[in-house]
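The chain contents come next:
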Amino acid sequence: MKAITSLFIPGNLIPIVAILLIVVGIKRAGQQPLWAEAYRRLGRNRAAIASLVVIAAYCLIAVLDSITWKSNVLAEPQSVITHIFHAMHVRSERTYSAPFAKITTGEPHPHPLKGWHILGTDGSGKDVLLETLRGCRTALIIGGFTSLLITPVAILLGMLAGYFGHRVDDVIQYIYTTLGSVPGILLNIAFLLVLGPGLINLCFALGITSWVDLCRLVRGETLKHRDREYVRAAKALGVRDLRILINHILPNILPVVIITVTLNFSSLVLSETILSYLGIGVPAGTGSWGNMIDAARLELARDPVIWWNLTAASTALFILVLALNVFSDALRDAVDPRLRSS
Amino acid sequence: MNHKNFLPRTITFGALLACLCLAMFATGCGNSPYPAANSSRSILYLALTDDVKSLDPTIAYDVDSGSVVNLLYPAYFNYDYLKRNPLQLDLCLGARMPSVKPVTYLAATPSGSKKMVNGQLWTFQIRPDLRFQNDPCFPNGQGRQITAADFIYSFKRMADPSVPCPIVAYFDTKIEGMAAYEAHNRKLTDEHKKSDYSYPITGLQLDSKNPYIFRILLNHPYPQLRYLMAMSFTSPLAHEAVDTYGAHLATHPVGCGQFVLTKYVPRGEIVLKKNPNRPVEYYPSTGMPGDRAAGLLADAGKRLPLVNTVQFNIIREGITAWNEFRQGYLDDTGVSQNNFQQAMPRPDYLSPDLAARGIRLVKSVGIDVDYYIFNMDDPVVGGYSARARHLRQAISMAIDEHEEIDLETLGLGTPAQWLVPPGLFGYDPNYTNPYRVFNLIKAKALLAQAGYPNGVDPETHRRLVLYYDNSYTDAAGRQTLALHLRELDALGIDVVSRSFRYNVFQDHVNNGQFQFANWGWVADYPDPENFAFLLYGPNKRPGPNESDYNNPEYNSVFEQMQTMNDTPQRARLIAELRNISARDCPLIYQRHSETYALVQPWLKNFKPNPIALDSPEYYRINGQLRAKLQNQWNRPTVWPLVMGVIVILVSAVPALNVVKRRANRHVRRNSPQGATGL
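Quick mapping for you: the protein sequence lines, in order, are chains A and B.
Residue numbers are given in numbering that gives the first Met the number 0: position 99 of the first sequence equals residue 98, and the series is strictly consecutive.
Residue numbers are given in numbering that gives the first Met the number 0: position 148 of the second sequence equals residue 147, and the series is strictly consecutive.
Okay, chain B solo, but in the shape it has when bound (with noise of 0.2 angstroms):
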């Protein structure tokens, strides 16, 4: 190396350097991940906390999948946009509202015999004008007309033994036929053989003359079926794009809603555009009071979508998502544990900092239910015997939901005294449940007479072990589940848990491989009868009743209540399965959700659904305020490369020093004079 020149060189090399980095600022280095004219059009820009499961309308059932499934598959009923308490059915594809009669007919049972049936026929008539979306599966990739053939098909898919829909359970005991439409699919799909969706369902029925007008036969009455047909799983569904895509309809929808899909990066985005087939749907000229003061009825009577284009943006960490909701590139974005402190310093109120910039904080309240479960089957926790009851008790009794809620959710819940959430019929804000008072003394009692004083175990005389089967994997699950063991720790029994990943802990809980579970539900409709099946005996697992729960008295009622309409004697059959459920104890309730979300201030019509996930049909950007706002929020911040160029500089110097003498001693030691001790 020529030693000489390492100093200039470095001093150059570090000048290019510095230019560079001039040049990429200069160049508009920007932090936008998005191309810069999108910040202005009409795009909306929304984040998926995972990567979709399914996009097939008769398989997706996870909220992810479903906030995309809903835009493109809509259904015969939706929930009206603004109307709340209760929520209200309005047509989609609909045409009328559809009407029902009490029938009486004879229907085959398994054994062959005929039985009389006290059922209800409801006659459903779709719009003329629907057509699916344009694709290639349709001749010359025009999307055809659609009529009352496409429902039926769509019911029959869902019975295909083949397609895994998380629903069927709803309609194939109800609907009459659909049963044995599944057992013969199911001894085709057994011999390898295709599902035959020829083979006719009793209780599915065409109109002869009117090819937009088709019949349910229902078994007996079930009020719950107009909810059902607000559901993507009742979506019209062609024939065609399930014969040429088969299991790729779980990528490639081919839909009749407002939008399409226009591309999709797995775990990256999801990209929708106006469907040019869309349903002509507008928006809403009625809401709640407050709703006209709130500028929700601003673009009454528009023909929807509002928007463009949607983009979902596939974002699994939360703090990855609270800072683009910061920086201007996410349009809404919820309260979580992560930014609950920066987004709301106390309960209620939206910090200054996030106000001054036009954010608008929209408070929600879930309708769900989030329980600690028991297996009814398990020889400890299970069974209907009093020391088994009053174990179950003692345990619930032990669980101080308040504190939960004030470490897992930062104070945001209501404590559930039962299955049924506020905002439903059967609700009772002044029911208080005798075993979810917290009170460890009396639980201690309980725990007493379960047989295990002081929470030993008579038999083995060591505290009494119980097994907790949770998904608690991640840091945050962690503390949760810190928190769960240090309150049954009080009780005086030992609780062992067993954390999996979550598919895995789900077929756990399906298979009744657990002793003690955390679960939760959310309704898929807004029906108590959506909550109090939970514990129905006939729905045990593989059914929503996990825990195994079978009263006959619980389950006597319940069939009772199941198929009134709402009224004060529905009332009392629901007071009536709280009590009963109530003193059997198998469930713990924790808490029925509350939930934040941030709203951008050029995020227009923005208002929460706790059922519904087409809201982005009906909200609207400001383009013009968004390119500007970003603009000003993402200005570039040049102090601390200022700094930390300064910074190098000034380290370097020593370095340059040391170099510069190391050079100066070898050029001395290999001198002639150096050599020779001159």
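One chain only, chain A, in its complex shape (with noise of 0.2 angstroms):
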């Protein structure tokens, strides 16, 4: 009992409570007739399932990757992904090797491999696959803690200056204006310049600049839902203003929120792989797709070619990011009404 109390990793209960959250949203919104509705059009959708089942895998391999545990008391914790490889007896090596190689490349003399890695080897001698499941825990994080950053606030500020109005709607404007008209890529550069690097600094980097988009879209929605009869109803009956936005109007909106929140989650994890190869990412260490794009600059002026690391990150990037956009296509198809009605 001691020793699995000592090797009990208190973290890898976010991942596990985080999962179950989800399941549970997604299975109480199912109850509502409205995303009843979606989910049976989303099901009709063959592209949209098909696109559903890869971010499902990302996200699968995304937990296991976070669900960490020590082979004993002194080892440092290592993933289930990571037990996984060395049960398969995939080592680091030297240095690079090539898909399937028998022996390093990019040194003087070469040396034989203790094992064979599918993708190659990187130049500090990782698995490139291994690199490449890891950084689809990276690439979720940024997309998802970064999303849970801004949507409460965007929907906050975005209301209060849509229902309120006048001074109220001066100062958040004037707040997301001035945010706006700097160039993002500075203000993520500032920001993690004054933070530090690290994963979570990134999220806060990336969601002060995130939020805006989705504020001025929710400003906007319930500017409109704001003078619908319903809304004057209640008001006519009553209701407080607080009453209004959490029970009428956030509801109105909130498949809109959804369908834009899932549609930045894409260009979220696309900032972080542009950071990182700014070389003001995630820090050395945490598995990245930016990280590993950006060694891809020297090693493509290599020869022989060292092509297997930028290959495998931008493939793994790339079908996330394609399955993203297009489950989110498919969503603003089941949930938007006025797409459904045309």
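If you are wondering where the hints come from, they were derived from the structure by calculation, not from laboratory data.
Each residue gets a CB set at the ideal place from its N, CA and C atoms; glycine is no exception.
Some clues are possibly wrong.
As the list claims (entries may be wrong) - Just a few of them, taken from the derived set where beta-carbon distance is under 8 angstroms, the chain A residues facing chain B:
| hint | residue |
| --- | --- |
| 1 | Ser123 |
| 2 | Pro151 |
| 3 | Asp168 |
| 4 | Asp169 |
| 5 | Ala283 |
| 6 | Ala294 |
| 7 | Arg296 |
Stated by the list, open to error - Lysine to aspartate or glutamate pairs mimicking EDC-like chemistry, simulated, CA-CA at most 20 angstroms apart:
| hint | chain 1 | residue 1 | chain 2 | residue 2 |
| --- | --- | --- | --- | --- |
| 8 | A | Lys113 | B | Asp488 |
| 9 | A | Lys69 | B | Asp427 |
| 10 | A | Lys113 | B | Glu403 |
| 11 | A | Lys113 | B | Glu486 |
| 12 | B | Lys301 | B | Asp290 |
Starting from two chains that each stand alone, build the complex the way the hints lay out.
Structure representation (structure tokens):
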């Protein structure tokens, strides 16, 4: 028992709880007529189902990479994926090796490899397949956690601005217009220099610039709903503003918010890649497609060309972003009543 | 839209586009970054890896800045262009070798009392034919004659606290009265007043009879002064230029070298042209064995410089520089990790492709050392207890330098056993540092002796955690870092990397805010003292002894060694220093660099020098050959464009069909028959 306790990593609860919350949320939403209809429509869309399967696979890999345990008290915690690779005798090599190669490359005297590597190894001898899979966790944390940060802020400010108008609207508009007028990448760099490198800090830095569009959209939607009859009727019956916002307007704008957040998700994943490429993304040691693509700057100029690192990272990124975009489009088609009527 | 006209319009547009492309080729749209006529001119095209930090000779200290500054600001001495092993000093602005005589004098101490000092008096005589370059800061824009006072002015400016001279520490403890001058001016600076250059420095004296003679009084013998007199810091400086341009001297140099700055585009290019007032210097007539056969004496006795213009292109991306070199638009380039295997399929062997072009591969050994540094003030890794010493020794033995050289520098470099690099007096090729032999088993045993069995800290019952500061923030750096972490992980300790941008990292090291870091030293002058002083206690931070190592035994031996000439006794003292510091292990020595350069066939007289940066003065360009080869190597490759056009046209056919079909459908739907369903 003592051994088990000492090997327990509290951080493992986070991905499990997150997944449970997502599943419960999806299930409960399905009980509402709007979402039940949307699920039905999504179920008929083959591209959406395929995309969902791909996204689910990425999520599964990310969860497996987030659950860690120690093989002994002194050992560093390793993720499930790393343990699986170790069990398959995939070991670190000295340096680069091509897919399925038997010797290293990129050093004056090639050395025999300890094992075989489907996608080869990178400059520090790490298995490229393992590194690519580890990039899923980073990408999904960046997309997921940043969305989690920005969505409540954007909804709150957008609804307040749209509903109350006047000075509240002016102040909120001023804030997001000011933020929006500064190039996002510069703001991200500035915040990362202040906050320091790190995955969570990167989410905060991306969050600073990403809430503006959503806030603007929510404001517009709220403005539209504010003058609708059902809101006027609620006001006439003496319902308080806060209750109108939460109980009447929010449910009506939520589909638009969900679609926008899903569409933004892929942009955030790409932003991480761009910032890592610029050398200010996630720190070294964290699996990241951006870092892998950044390394390829040097690798493509080598002879023989080290192509496998770039190919693996780009392909993984491409598939995830494509799946997210296709699914977002399908979700919009399924949920947006205007599109449905057309 | 008139759908009937859509297809003909598209075809017309495509034809126009094709004509435009052809017109671009017809007008000779090339890839040369320079005007076409420049290829055959006597212009040297070189690359800098980054923008210059300053062109002020009192401040510039990095290689990129030095590469330009050395051509603008010569000094009393320079290094013989061809002589090696040892490098030899020649007179440059000096008229004769300085005379050195021992002197004993009464010097004031900081407490106000007097004490007898056994010092040295150096007498320098400069050439009478020297003039500054023409510049508006002088009357009528004509550069005035240079006198000994201009050299003294340079020294005073170095000690001006408002000017961040990086090597002032070399002088202020040695030249009599320089520290007092610095203190006086520091007081003025603190009161926001201008520095007082009229304040006398006892150790810097002008000759009352001869304006070309000055003397330097040292408070102890310091033979290395001759090397410092070859650095741009000691180049004569015109007070008119400093008064006129102030801080802008960093971008508006006023020197007396072979070249003058004519164009400076920050992050773009730096253009130097032959100085009409340049000092008379000639290409050397003697060299090393083999130099004549290599054609390095073909220009013997010719007046320098041998090119009219030097253009430095600031190219930060190694790949871009490599491509420009391959296209013939750079006259030389280094071999780096980026292009190593394209340039050299195996060590010392030039690729057949480059060899066929007449490109030469030139190897050089750097006078430098890379090392890991422990902060000796740190409670875990620092100190002189047996525990701390064993811990440092254990880490040292866990680092496999041969693997690092193979993977980081592709086999280039010599594993370092101590500070002094090959080629310098005191380097012993047979010496092996007992703690720089890779032996993981012994390293783990030493770690246990240090009180960390299996790497576990007995106090916390967890693995020992060390913090490793570095500047590995780019892609190549991250690979290097991963290798370092892998090596230390094998020892059983946890190492947390703290990577910062270089200037932040440098500040951390200079301020002692580190535990364990990666550092290095490039020689200022070819003397072992310039390396052994990295562990001399009084040179502690912010001096060059960044580890703050302070062993009285080492200090005492160093003080004896530093003032000696190269004798067997000096070699014995150097060996003693080596043994003392090897036992204490304040540094983990990595490697002495080896570099390769690639040289275009039209660039003549190329011979790398590990210290001097004035080589472009000696280079010659065969412009005719360059123009011819550039033309051959850069013929336009048309087939990708043709293929591209064909692919676009072919892929456009289905699209055009779709448009045509839709147009027809639209016409049918809108026609009376279509509307009625007929």
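So, going through the hints one by one against the coordinates:
no. : hint                : result
1   : Ser123              : holds, 3 angstroms
2   : Pro151              : violated, 33 angstroms
3   : Asp168              : violated, 41 angstroms
4   : Asp169              : violated, 40 angstroms
5   : Ala283              : holds, 5 angstroms
6   : Ala294              : holds, 4 angstroms
7   : Arg296              : holds, 6 angstroms
8   : A:Lys113 x B:Asp488 : holds, 18 angstroms
9   : A:Lys69 x B:Asp427  : violated, 47 angstroms
10  : A:Lys113 x B:Glu403 : holds, 19 angstroms
11  : A:Lys113 x B:Glu486 : holds, 17 angstroms
12  : B:Lys301 x B:Asp290 : holds, 16 angstroms
Of the numbered hints given earlier, the model fails hints 2, 3, 4 and 9; all others are met.
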